[in-house]
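Undergrad: Okay, here's what each chain looks like letter by letter:
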Amino acid sequence: MSIKKRYLALIVTLALGAVLGWAVLGGTVAALHYTSSTEFCVSCHTMEQPYQEYQGSVHFSNAKGIRAECSDCHIPPTPVDYVMRKIGASKDVYHEFVTGRIDTPEKYEAHRQEMAETVWARFRENDSATCRSCHTYEAMEQYAQSRDAAQMHRYAQENGETCINCHKGVAHFAPEVELDSSAFDELVAQAQHTPRDAAQVYPVQPMALTALDADQSLGTVQPTTALQVIESDGEQQRTVRLTGYQMKGAEQVLYRALGQRAVIGMLTDAGQKALEASAYEADVYGNEWRSVVLKAKIDQPVLSTLAPVWDYAETLDNVYCSTCHAKIPADHYTVNAWGPVAKSMGARTDISKANLEILTQYFQHHAKDVAHEQE
Amino acid sequence: MKTELSRRGFLKGAGAALAFSTFAPVSWANPVADGRAVLTAGRMGPMLCELRNGKLVATTNALKQTVPNSLQTTGPDQVYTQARVKYPMVRKGFLANPENPEGTRGDDEFVRISWDEAYNLIHRQHMRIRKTYGPASIFAGSYGWRSSGILHKAQTLLQRYMSMAGGYSGHLGDYSTGAAQVIMPHVVGSVEVYEQQTTYPVVLAHSDVVVLWGLNPINTLKIAWTSTDCAGLEFFHDLKKSGKRVIAIDPIRSETVEFFGDRVEWVAPHPMTDVAMMLGIAHALVDKNLHDQAFLARYTTGYDRFEDYLLGKDDGIPKTPQWAEKICGVPAAQLETLAEVFAAQRTMLMAGWGMQRQQYGEQRHWMLVTLAAMLGQIGLPGGGFGLSYHYSNGGNPTRDAGVLPAISASINGGSSAGNDWAVSGAVQSFPVARIVEALENPGGEYHHNGETRTFPDIRMIWWAGGGNFTHHQDTNRLIRAWQKPELVVISEPYWTAAAKHADIVLPITTSFERNDMTMTGDYSNQHLVPMKQVVPPQWEARHDFDVFADMAERLKAGGHDVYTEGKTEMEWLYEFYKTAQQSGRAARVPMPNFDTFWVNNQLIEMNENEKAEKFVRYASFREDPVLNPLGTPSGRIEIYSRTIEGFGLEDCPPHPAWLAPTEYTGSAKPGELQLMTAHAAHRLHSQFNYSHLRDEYAIANREPIWINTEDAQQRGIQTGDQVRAFNSRGQVLVGAFVTDRIKQGSVCIHEGAWPDLDKKTGICKNGGANVLTLDIPSSRLANGCAGNSALVSIEKYTGPDLPLTAFDPPANG
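In order, the protein sequences belong to chains Z and P.
When we follow my numbering, the leftmost residue of the first sequence carries the number 1, and every step to the right adds one.
When we follow my numbering, the leftmost residue of the second sequence carries the number 1001, and every step to the right adds one.
With the rest of the complex left out, here is chain Z:
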């Protein structure tokens, strides 16, 4: 009997355990499942903003009637990552109820960059695993894609790129990038310390050119343009020689080289008169060019080397360009192509005029068709 009783006890215990275990496990599963639902995610006030942005995206609604829910993108499918993400996400609850860290549109915007960086980093770590749970190269019909898209996908596949490197802002808005001005200020500060006897100098922002003998404007010179110093007064005053090209029909503009529309300066009527010029010669397109030299006074700080400017330009490239698309190497385009490309792409960002000028000069200095000279 006692055996039977023990059996019974065991059976009862096992049964109880099973029930309890089932309840606990089941409850956990249910809880995990519930807390992965879009309904749960957007029940927090702070999720309203990203939810609105997502509602306008193709991941929310489309012709096929397929929706990527919050969890489909934000919770990786592998068990360990899944649990880690769940635990990690508890801090969102903390901020929602305790700190209110992103509870206004302004605060949300202020933290958007770091939040995006965090999520992008996660995507990079797991090679965009959640993207790939729906999108795979194998499932893509390349001829159904635009030519550009197909080409980029081939490139990405060959070079082991991960989805998020290009596809940012596909559900929520990508952060609006704006560089703080400290790096540029640093550049200007450096220019203050340029040796007085530097033989060649470079402006970091558009700079006025003044006539040698009178207080008359000859025009402006663009940043990064090389200026040969003829004379220096020991302060910021310098007499410089600027060499460039002029094209018939656009005499106001100084270009860096024959046939290459990299603008290095703009001339006033007086500036055009002050030029020492060679004879015009025609390029293959029938445009007539001549080399010119302008001597002028400058009184603004300049650099004696372009190295810090190019460092700065690379930062600009990272911040403004490669946030939206994979970085395009400077030698991808020609000098003449970079001008309009930089202008039209720049218009789609918040980059300042001064910064866009430096960035354009950077691209043009390192363009496909520029012989790698000094610098």
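In short, the hints are calculated from the structure, not lab data.
No residue lacks a Cβ here, since even glycine has one placed at the ideal position from N, Cα and C.
Careful, some of the hints might be misleading.
What the hints assert, rightly or not - Listed below are the simulated DSSO-like cross-link pairs for lysine-lysine, each with C-alpha atoms no more than 30 angstroms apart in a straight line:
id, chain 1, residue 1, chain 2, residue 2
1, P, LYS1611, Z, LYS353
2, Z, LYS168, P, LYS1578
3, P, LYS1241, P, LYS1064
4, P, LYS1611, Z, LYS343
5, Z, LYS343, P, LYS1578
6, P, LYS1669, P, LYS1796
7, Z, LYS368, Z, LYS248
8, P, LYS1611, Z, LYS107
9, Z, LYS168, Z, LYS4
10, P, LYS1244, P, LYS1614
11, Z, LYS327, P, LYS1086
12, P, LYS1055, P, LYS1611
13, P, LYS1614, Z, LYS107
14, P, LYS1086, P, LYS1759
15, P, LYS1484, Z, LYS107
16, P, LYS1578, Z, LYS64
17, Z, LYS248, Z, LYS343
18, P, LYS1614, Z, LYS343
19, P, LYS1611, Z, LYS168
20, Z, LYS91, Z, LYS5
21, Z, LYS353, P, LYS1614
22, Z, LYS327, P, LYS1759
23, P, LYS1240, P, LYS1614
What the hints assert, rightly or not - Simulated restraints, written as ranges between beta carbons of each label pair:
id, chain 1, residue 1, chain 2, residue 2, range
24, Z, VAL58, P, ASP1262, 41 to 49 angstroms
25, P, GLU1645, Z, GLU288, 26 to 34 angstroms
26, P, VAL1427, Z, ALA337, 33 to 41 angstroms
Following the hints, put chain P in place on chain Z, whose structure we already have.
TA: This is chain P only, laid out in the frame that chain Z set:
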């Protein structure tokens, strides 16, 4: 009845997530939402439509506003007025013999026909005329203020059909700014009149003096070309509160001047004499050495040539304030004061357009820009000039927005688009206000902006969405010329005078009977608004979109689907919205998907942009005129234009100058008065003339005429009298409003009353101002209209009582 409009119409929170988890089909067919007011929009802004038993009973403003906008109440009138065209109608004499019709347009009876009969009748004659005389013989310029919306755009839809048919004659320019939009590119390198202005916040922060030179924004900002964002009226309200010095220069103490009350200084010159007045001020500037010579040297060209003229060095007549006083009627001392005030303080010269809808209209804004250049404040915050503050809320900062595209005037032609239609746009075009000259003088040569051009031989006219019998000058001359074409088709919701002078009239829906969308704010893009259908199409009215698609099918089998690109009304709107959503994403405006947006019945407000709020017109030019040149040949402001010099025009010299008009106060014979045709307070040009608002302004059931007290006394006229106004071109019956609010020697009949000519006497019973105006070009530079140029005589009307018939449909109609 109110509908709550949140900043953005999103379903929020968990409930929303659940709502989206099940697919709720959108009932597009049923336009009326669940008891809420339906949101739509018109030129007069976003409006909420109240329905009772399926009938539209009221329309009210959907945006918050301080200054009331009467036009927003006209919804029910627009739908249910007795003036609606109910059925396709054809002129009896035309139906009897379409190839060689009998009778006179405007005199004949109308007969009701079916839509199919109308289509076939038009198609056969259209094809015959096209084959015989070529595409240039078909005028589809169809100018006018069709209703708002990006899909149901009457003119565009007409031209889309005509482009499939093989081309047409189109128009150049417009009636509003005909002169200015042609001269301004020669002067400042852009059209100027349709461009964003230095913003409201900048003016409020930086201007010391605001000059309202011939503009009446309290009337004209009730509407916008897309749909008003209602910000302009608020701005003028803020300007009034700001305590800034406001000077209004206007022969009429307008609604705007009244609005500012004792906060404004009213200066009243004679109409058409603005250039003389500006020259007087300019002379005073030079005399007192207050002109900004550094600015003139750096940013303008040809000032020296102009100064010779100003000082009288070339013609021996110095344009002194005393000289100007004799012409413009403003005391010389006042002109000198104005010069001092303008030069001493940050002054924004806001100018209207009425002053250039005159003979030699080109000179007005050219001289204004010259005056502003002499003051040297162009490009400074709150200084300079602005030519679009009274229109479409110019100055309301541009938003970061998802912007809607619109249907285009041409299908995608060629085999790559899956069709083989030989598509052609306008094969030739002429300045829109010269249409009567074109009808009178087919093949005739004329000058336009330096070119010699030829008028087409117009044999067919199809007008959709425009009131050309009200907006064109010299109505009687128009009616005579209108007999020339072999076929005139009018697509209209209403029995306008143009419809009554047509061969075939097609009943078209109003915007309350169809689905569409619009942005508000031509410059601001402040909102994206659903224009939801409120009531079903009335009577037999159809949408232009459907009419032209049906007509396209008759051009060639399959034409219907090529015209519509196989898309329904809602499918078009979906695609437009998708495009807006894309640009919205780039501008960081969260926009829900289309289904949600449409069901929500709410507008989407776009994001403010801090940089755009600080926009100062010409600031970049001022900052660096070499790097940021103007679009003129010299890159600078051209006070003397070598280009215009090269045209050798007598009526448009190469620098701004005073040219005495043919008909103005200075040339008036005893008893003659100058007629002004300003914009009315309770109409959009001729639109809504039939509405209940007419009760608020009509006098003795006639369009009012404003008469100066002194002029009225001399003629024994009192407020409330019926008055006959007349000249050699025609006569109109109007109701006297005797007032000191108009310069002595001038009268005003607001433009836009529907011509209603008495068959026996020829008198216009509804006071159509254009019966009296001159149909001449502003000059042969721009060929703008000259609707503010006319002298008239007036007398108390003592003839037989003439009942008004302007809004009556014809018998059988």
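Undergrad: Please go over all the hints and tell whether each is borne out by the structure.
TA: Quick rundown of the hints versus the structure:
1. LYS1611/P to LYS353/Z: holds, 13 angstroms
2. LYS168/Z to LYS1578/P: Holds: LYS168/Z and LYS1578/P sit about 19 angstroms apart, inside 30 angstroms.
3. LYS1241/P to LYS1064/P: holds, 18 angstroms
4. LYS1611/P to LYS343/Z: Measuring from Cα to Cα gives roughly 18 angstroms; hence the hint holds.
5. LYS343/Z to LYS1578/P: Roughly 26 angstroms between the alpha carbons, so the hint for LYS343/Z and LYS1578/P holds.
6. LYS1669/P to LYS1796/P: With Cα atoms ~19 angstroms apart, LYS1669/P and LYS1796/P stay inside 30 angstroms; holds.
7. LYS368/Z to LYS248/Z: At roughly 25 angstroms apart (the allowed maximum being 30 angstroms), LYS248/Z and LYS368/Z satisfy the hint.
8. LYS1611/P to LYS107/Z: With Cα atoms ~20 angstroms apart, LYS1611/P and LYS107/Z stay inside 30 angstroms; holds.
9. LYS168/Z to LYS4/Z: violated, 66 angstroms
10. LYS1244/P to LYS1614/P: Between LYS1244/P and LYS1614/P the Cα gap is close to 19 angstroms, so the pair holds against 30 angstroms.
11. LYS327/Z to LYS1086/P: With Cα atoms ~63 angstroms apart, LYS327/Z and LYS1086/P exceed 30 angstroms; violated.
12. LYS1055/P to LYS1611/P: Status violated; Cα separation ~45 angstroms.
13. LYS1614/P to LYS107/Z: holds, 24 angstroms
14. LYS1086/P to LYS1759/P: holds, 24 angstroms
15. LYS1484/P to LYS107/Z: violated, 69 angstroms
16. LYS1578/P to LYS64/Z: holds, 16 angstroms
17. LYS248/Z to LYS343/Z: The given pair, whose Cα atoms are some 23 angstroms apart, holds under the 30 angstroms limit.
18. LYS1614/P to LYS343/Z: The given pair, whose Cα atoms are some 22 angstroms apart, holds under the 30 angstroms limit.
19. LYS1611/P to LYS168/Z: holds, 25 angstroms
20. LYS91/Z to LYS5/Z: violated, 50 angstroms
21. LYS353/Z to LYS1614/P: Judged against 30 angstroms, a Cα distance of about 16 angstroms means the pair holds.
22. LYS327/Z to LYS1759/P: Violated: LYS327/Z and LYS1759/P sit about 76 angstroms apart, past 30 angstroms.
23. LYS1240/P to LYS1614/P: Holds, at about 21 angstroms.
24. VAL58/Z to ASP1262/P: 41 to 49 angstroms: violated, 58 angstroms
25. GLU1645/P to GLU288/Z: 26 to 34 angstroms: holds, 28 angstroms
26. VAL1427/P to ALA337/Z: 33 to 41 angstroms: The hint (33 to 41 angstroms, Cβ to Cβ) holds, given that VAL1427/P and ALA337/Z are roughly 37 angstroms apart.
Hints 9, 11, 12, 15, 20, 22, 24 from the list above are not met by this structure, while the remaining hints are.
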